[in-house]
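Colleague: The residues making up each chain are set out below.
Protein chains: 2
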Amino acid sequence: MASTILTFTSRDQHRSWLTSQAILPRGFRVGAAPLDVVPVETGKPARMVITLLALDRPTPDFAALFTRNAFPGAPVIVGRRRLSAPRLGAVVINNKISNVCAEGGVEASERLCAHAARGLGLSTDEVLPCSTGVIGWRLPVDAMAAALPAAIAALQPASILPAAEGIVTTDLYPKVRRRTVGEGSVVGIAKGAGMIEPSLATMLVYVLTDLAVPRDVLRETLAHAVDASFHVMTIDGDTSTSDTVVALSSGAIPCRSESAFADALTGVCADLAEDVVRNGEGVHHVIRVAVRGAPSVELARGIGKAIVGSPLFQCAVCGNDPNVGRLVAAIGKHVGLHAPGLDLSHATLTMGGRVIFVDGSFRLDREAEAALVAHLRAAELYASVPPPDGVAFRPPLDYPPHERAVAVTVDLHAGSGAATVLGADRSHEYISENADYRS
Amino acid sequence: MASTILTFTSRDQHRSWLTSQAILPRGFRVGAAPLDVVPVETGKPARMVITLLALDRPTPDFAALFTRNAFPGAPVIVGRRRLSAPRLGAVVINNKISNVCAEGGVEASERLCAHAARGLGLSTDEVLPCSTGVIGWRLPVDAMAAALPAAIAALQPASILPAAEGIVTTDLYPKVRRRTVGEGSVVGIAKGAGMIEPSLATMLVYVLTDLAVPRDVLRETLAHAVDASFHVMTIDGDTSTSDTVVALSSGAIPCRSESAFADALTGVCADLAEDVVRNGEGVHHVIRVAVRGAPSVELARGIGKAIVGSPLFQCAVCGNDPNVGRLVAAIGKHVGLHAPGLDLSHATLTMGGRVIFVDGSFRLDREAEAALVAHLRAAELYASVPPPDGVAFRPPLDYPPHERAVAVTVDLHAGSGAATVLGADRSHEYISENADYRS
Numbered sequence: 001m002a003s004t005i006l007t008f009t010s011r012d013q014h015r016s017w018l019t020s021q022a023i024l025p026r027g028f029r030v031g032a033a034p035l036d037v038v039p040v041e042t043g044k045p046a047r048m049v050i051t052l053l054a055l056d057r058p059t060p061d062f063a064a065l066f067t068r069n070a071f072p073g074a075p076v077i078v079g080r081r082r083l084s085a086p087r088l089g090a091v092v093i094n095n096k097i098s099n100v101c102a103e104g105g106v107e108a109s110e111r112l113c114a115h116a117a118r119g120l121g122l123s124t125d126e127v128l129p130c131s132t133g134v135i136g137w138r139l140p141v142d143a144m145a146a147a148l149p150a151a152i153a154a155l156q157p158a159s160i161l162p163a164a165e166g167i168v169t170t171d172l173y174p175k176v177r178r179r180t181v182g183e184g185s186v187v188g189i190a191k192g193a194g195m196i197e198p199s200l201a202t203m204l205v206y207v208l209t210d211l212a213v214p215r216d217v218l219r220e221t222l223a224h225a226v227d228a229s230f231h232v233m234t235i236d237g238d239t240s241t242s243d244t245v246v247a248l249s250s251g252a253i254p255c256r257s258e259s260a261f262a263d264a265l266t267g268v269c270a271d272l273a274e275d276v277v278r279n280g281e282g283v284h285h286v287i288r289v290a291v292r293g294a295p296s297v298e299l300a301r302g303i304g305k306a307i308v309g310s311p312l313f314q315c316a317v318c319g320n321d322p323n324v325g326r327l328v329a330a331i332g333k334h335v336g337l338h339a340p341g342l343d344l345s346h347a348t349l350t351m352g353g354r355v356i357f358v359d360g361s362f363r364l365d366r367e368a369e370a371a372l373v374a375h376l377r378a379a380e381l382y383a384s385v386p387p388p389d390g391v392a393f394r395p396p397l398d399y400p401p402h403e404r405a406v407a408v409t410v411d412l413h414a415g416s417g418a419a420t421v422l423g424a425d426r427s428h429e430y431i432s433e434n435a436d437y438r439s
Numbered sequence: 001m002a003s004t005i006l007t008f009t010s011r012d013q014h015r016s017w018l019t020s021q022a023i024l025p026r027g028f029r030v031g032a033a034p035l036d037v038v039p040v041e042t043g044k045p046a047r048m049v050i051t052l053l054a055l056d057r058p059t060p061d062f063a064a065l066f067t068r069n070a071f072p073g074a075p076v077i078v079g080r081r082r083l084s085a086p087r088l089g090a091v092v093i094n095n096k097i098s099n100v101c102a103e104g105g106v107e108a109s110e111r112l113c114a115h116a117a118r119g120l121g122l123s124t125d126e127v128l129p130c131s132t133g134v135i136g137w138r139l140p141v142d143a144m145a146a147a148l149p150a151a152i153a154a155l156q157p158a159s160i161l162p163a164a165e166g167i168v169t170t171d172l173y174p175k176v177r178r179r180t181v182g183e184g185s186v187v188g189i190a191k192g193a194g195m196i197e198p199s200l201a202t203m204l205v206y207v208l209t210d211l212a213v214p215r216d217v218l219r220e221t222l223a224h225a226v227d228a229s230f231h232v233m234t235i236d237g238d239t240s241t242s243d244t245v246v247a248l249s250s251g252a253i254p255c256r257s258e259s260a261f262a263d264a265l266t267g268v269c270a271d272l273a274e275d276v277v278r279n280g281e282g283v284h285h286v287i288r289v290a291v292r293g294a295p296s297v298e299l300a301r302g303i304g305k306a307i308v309g310s311p312l313f314q315c316a317v318c319g320n321d322p323n324v325g326r327l328v329a330a331i332g333k334h335v336g337l338h339a340p341g342l343d344l345s346h347a348t349l350t351m352g353g354r355v356i357f358v359d360g361s362f363r364l365d366r367e368a369e370a371a372l373v374a375h376l377r378a379a380e381l382y383a384s385v386p387p388p389d390g391v392a393f394r395p396p397l398d399y400p401p402h403e404r405a406v407a408v409t410v411d412l413h414a415g416s417g418a419a420t421v422l423g424a425d426r427s428h429e430y431i432s433e434n435a436d437y438r439s
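Residue numbers (my numbering), protein chains in the order written: chain A, 1 to 439; chain B, 1 to 439.
Bound-form chain A, shown alone (with noise of 0.2 Å):
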């Protein structure tokens, strides 16, 4: 959650907050370089971005978190046995395509590291590869070969901001933050919640610090961030093949307060997790769900996910519709089916601090409708625009207006388990992003 609510009112002033956010932790320098490709699946050419994150030094301490999709993409492959590699010098990232269920895919992302590894004077083992794009395509390994000595012309130890953009897809826009510790920081960017044509989404988070964590500390800390910040959010329930978080301490500060530093990791990872629902894709709105009185911690986010991941109460959020028979619908059917025989008499809702629900029945009239509609339409992002040829819908921006959400409590009443998850509405240019009208 963000620690103060922003406002926005152009892409220029958006744009310079990013900059103010994206100054590089000492330690790393960051570069990227563009390259045409054509995917032989297809034959169309595309716009691919190489993004390097490089350290000064290689360094032992560093985490990674993946996907736990069944069917992980070759670079989460390899991720995984560079965790027990000795230290890690650079991370190569490509958008496009996420070399998933490609032939020959673990040994496309291991010569790319490899080609890496020779520009950066490393071991191929020190190199991490992340991406991100369409599923089932070859990545191109020659082509990004030949890209990357731009890539490493263009590293620049101040700003992180060209690996923000480097990593995008369809985002609207790059996202960043950072939090300082003493004379430390913690800087961190993510891709999310976009597509390109035809693709899933995915989610890549990069996490920097200049504090000096060993490796064993770093790995707990962001387990624990992710579990607070990126696991209590969806935008479409559909966990991605390539899901990558990855934090990077380069030690050169040392850290006085691990537990400083956790809170600065778990805010930045808070943040960046509430900035890719907020730029998921066609997004008017951003839910948030606070759950609490349940059985368990695990009901509790269940009851959240189950809310925010109901299309119909999506669809009556979008329209600024406050439908709220569909909150007691999405709970009903949760706890139906996880919690049967669960006590719900003594259930509470609000929404927009408002309580609508109480004893087992709805408290609604004229007045509370008026109510819930404006609160609604004060945490809108924007409006759907009719689009020019009738049905692909885009977004008429590229920036978030303001960091307001639309607040749901839930209290059960029926035990100490409480979590808030994050979610969004369901628009008409979420169905134009990811039905491509190509065909």
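Each hint should be verified, as a subset may be incorrect.
Said to hold, decoys possible - Derived Cβ-Cβ restraints for the label pairs, each shown as a range:
(1) A:Gly104 x B:Arg366: 16 to 26 Å
(2) B:Gly43 x A:Arg68: 41 to 51 Å
(3) A:Thr350 x B:Asp398: 35 to 45 Å
Stated by the list, open to error - Just a sample of chain B residues kept apart from chain A, beta carbon distances all over 12 Å, derived:
(4) Thr9
(5) Val37
(6) Arg111
(7) Ala117
(8) Asp125
(9) Ser259
(10) Arg354
Honestly, the hints are just simulated from the structure, not real lab data.
Beta carbons: idealized from backbone N, C-alpha and C, even for Gly.
Following the hints, put chain B in place on chain A, whose structure we already have.
Modeller: Just chain B now, with coordinates in the frame of chain A:
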């Protein structure tokens, strides 16, 4: 699954076919009457229909299955009580207001039953109530009681079509299916995946037979039939608070083969399930996923539901875009969560009868892409038509032009578990219908 692939070229042709399916079994009468109501929650007038399904004589042989949603509607609560009643003589059904989580809902349903019972010469517990429509609104019992005499006066023994039409909300067309068994018949109707402004998808199904089937057998047979039909379909994953499936036997004709009856009942339920999906809000394509070779039936069914429930796959199908990478993402998500460690290296996938994935990687090229696009196009029910206001999409037809489906098969080669699941794509029409652009 429909036993033959029907095609319709006009609403009249579809209606003529429905009429042929709608012949009532012996021992039943059907009537319906409209009325105008003004929900106190919004003050906006709405049109409701009261529908009656009546037996010539109350029967001990009835069965009903209800939603597993943990916030069941008041009619579901009353309906569960009725399961232990000695006999059932009628079902009274209304649309527009579902009487879920509304104050005094159970009393309202019981009062409506009492009114209907008086008019039909029955006792209150011989009347089963069903409601569908907006959640959270209160049932206008007095206005409904005033309209009951007209519904009773309309009772006739020839056709179930007035009931199939009376129970709909925003269904594009009524749904009726029929099977004969010797001299007897099994006739079912369904409403489903329909919405009103603003409401929740609910599914109501009524199957009538004149075959004499004892209560216990009827209940067991219905449970099996529902498991093989309604339990393997999904439009949007939103389990309703009101889902109800009822089977009534008038006992007018001896049942010589319970297995023939079971086949007929299962056939009617399966056909209605497919009708409900095909008539689902904004559905452009029905998707049929056959999974086999799974370690269990449960996992096979879960994988099928994960595929048809993936918003990304749904959108791709809507756009006739063979973005088959999203298939492995959906399978991998489900297996990663529910069967981690399962060996997927021998999985094969087909679409439209064509092998697209084998030995861990896709088999894609331009020719395959063209064949898959052709398969998707052939299964398309209609294409989106730009709406006058630019955002509120409406389906351009009100009958099903054909019964073709997008055919996906998954063989895990990891056991003998198999299941076939029905689902649908996701379109602008779904968003428009459920976002309610009134506000």
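Colleague: Determine for every hint whether it applies to the structure shown.
Modeller: Evaluation of the provided hints:
no.	hint	result
1	A:Gly104 x B:Arg366: 16 to 26 Å	20 Å, holds
2	B:Gly43 x A:Arg68: 41 to 51 Å	49 Å, holds
3	A:Thr350 x B:Asp398: 35 to 45 Å	40 Å, holds
4	Thr9	25 Å, holds
5	Val37	16 Å, holds
6	Arg111	17 Å, holds
7	Ala117	26 Å, holds
8	Asp125	23 Å, holds
9	Ser259	32 Å, holds
10	Arg354	14 Å, holds
Of the numbered hints listed earlier, not one is contradicted by the structure.
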